[in-house]
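Engineer: Respectively, the protein sequence lines represent chains A and B. When you read off a place in the first sequence, starting at 1, and then add 1167, the result is the number in this note's numbering. When you read off a place in the second sequence, starting at 1, and then add 11, the result is the number in this note's numbering.
It cannot be assumed that every hint is accurate.
As the list claims (entries may be wrong) - Chain B regions said to be covered by chain A (calculated; three or more residues, Cβ under 8 Å):
no., region
1, 101 to 107
2, 193 to 200
What the hints assert, rightly or not - Calculated pairs, DSS-like style, for lysine-lysine (alpha carbon to alpha carbon, straight line, at most 30 Å):
no., chain 1, residue 1, chain 2, residue 2
3, B, 165, B, 79
4, A, 1304, A, 1321
5, B, 79, A, 1304
6, B, 49, A, 1321
7, B, 195, B, 157
8, B, 165, B, 195
Bear in mind the hints are in silico, worked out from the structure with no lab data behind them. Using N, Cα and C, we set each Cβ at its ideal position, and we do this for glycine too.
Each chain, written out:
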Amino acid sequence: MVVECAQVWLEISNYLEDEVSPELRASIEAHLRECRHCTAVLDGTRNVIHLYGDDRLLELPAGFTTRWQSRLAEYVPSPRGTAFGWLIAVAALALISGSFALARLKSPSLSALRSYHAQPATRIPSGMMVEASVNGKTFHVPGCRFLHEHGKGKVRLVAAAEAIREGYVPCVRCLREYLNR
Amino acid sequence: MLRRTAVEKPADASDEREQSLIARIRNGESSLFAALVKPYERRVYVAALALLRNEADAQDVAQEAILKAFTHLRQFRAESRFSTWLIQITVNEARMRRRRQHSELFEPIADVQNEEGAYTPREFADWREIPSEALERSEIRALLAKALGSLAQKYREVFLLRDVEHVSIEETAQVLDISVASVKTRLLRARLMLRDILAPMLADGWFSRTPFQKGNKPW
């Protein structure tokens, strides 16, 4: 099958997305070997996709996350409790604080960092929910693709404070905004 | 061929995590909603920006969309992905704001060719290599943003969702409420139009030209 320039231009997206039949692909490639114009169009289109697909091109405005999370916090209903409930909560808090104090006496330092090259977490809100894999070294914002891409065992959803206590270090990509600058 | 990020692939583990989060939020753990939305905040912002072309408006609309998703979470049916539903809300919010602002009146008249007809490239400059550090340069980023801003809205929104945010073609069609064929046609045109705009400026070793400044020796 012989293809003309106009057909190559029409199929360039499909060609780059690998959505053309093997016969059409072979014909387009045969055409490209002979046609400098179509080769230039193909190279340029690939460059457009490459450049615009880079995360650095379009960064979130500074403070965007904090702003929407603050507004959301206004909408999230705060739990209300009875006097008895508050009493239980205070007692539980005292118990937890006591056990922390005891634990600190027995082992005064946090777990060693799991990665020696990483930055320890200091500015991350302790109540923030994060994900960490059992055999991994870093913790992530839930859904961070760098966690799931390199799958290292079972993933747990835990509070940031707990992850830090266990020696996990923050992912430099998804938690960048919280790291020391 | 093109390499796509993991965001586009149907990730079972991620879907399961989302379903579990949604169930917990519906059962009263509202504070988990932020964790549900966080992976898509950039996508929400970019979708709003695609329609509004103004950072302040895009931020406002993105916030409104997130709040609306929170208050209407019970209406979410797992027939589509949560991210698709969230972006649909954003697109609707942005469209409503555009109508209020009569923004259509200020759209670029770049779409001179009929969408049904074939697009003929106008530039054949030989634009081959892009050094990876090109995007570190603010003038390149400004050039790319200006080129994107010159596209008509229907091309810009498809291009931003697909090529900037790596949303699949099917999801892009669903979010914008158009057919898959229209997404493909608009995407092809957007890519070729951007190439026509950028190739003359970025081809022929433009990247390797270092601007001569005081203290910056060209040798």
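Engineer: The structure should be examined with respect to each hint, and the outcome stated for every one.
Structural biologist: Okay, the hints, checked on the actual structure:
1. 101 to 107: violated (count 0)
2. 193 to 200: It holds: at least three residues are needed, and the region 193 to 200 of chain B offers 3 whose Cβ sits within less than 8 Å of chain A.
3. B:165 <-> B:79: Cα-Cα ~25 Å, so holds.
4. A:1304 <-> A:1321: The hint holds at about 13 Å.
5. B:79 <-> A:1304: Judged against 30 Å, a Cα distance of about 36 Å means the pair is violated.
6. B:49 <-> A:1321: holds (21 Å)
7. B:195 <-> B:157: holds (23 Å)
8. B:165 <-> B:195: At roughly 12 Å apart (the allowed maximum being 30 Å), residue 195 (chain B) and residue 165 (chain B) satisfy the hint.
Violated hints for the displayed structure, listed by number in ascending order: 1, 5.
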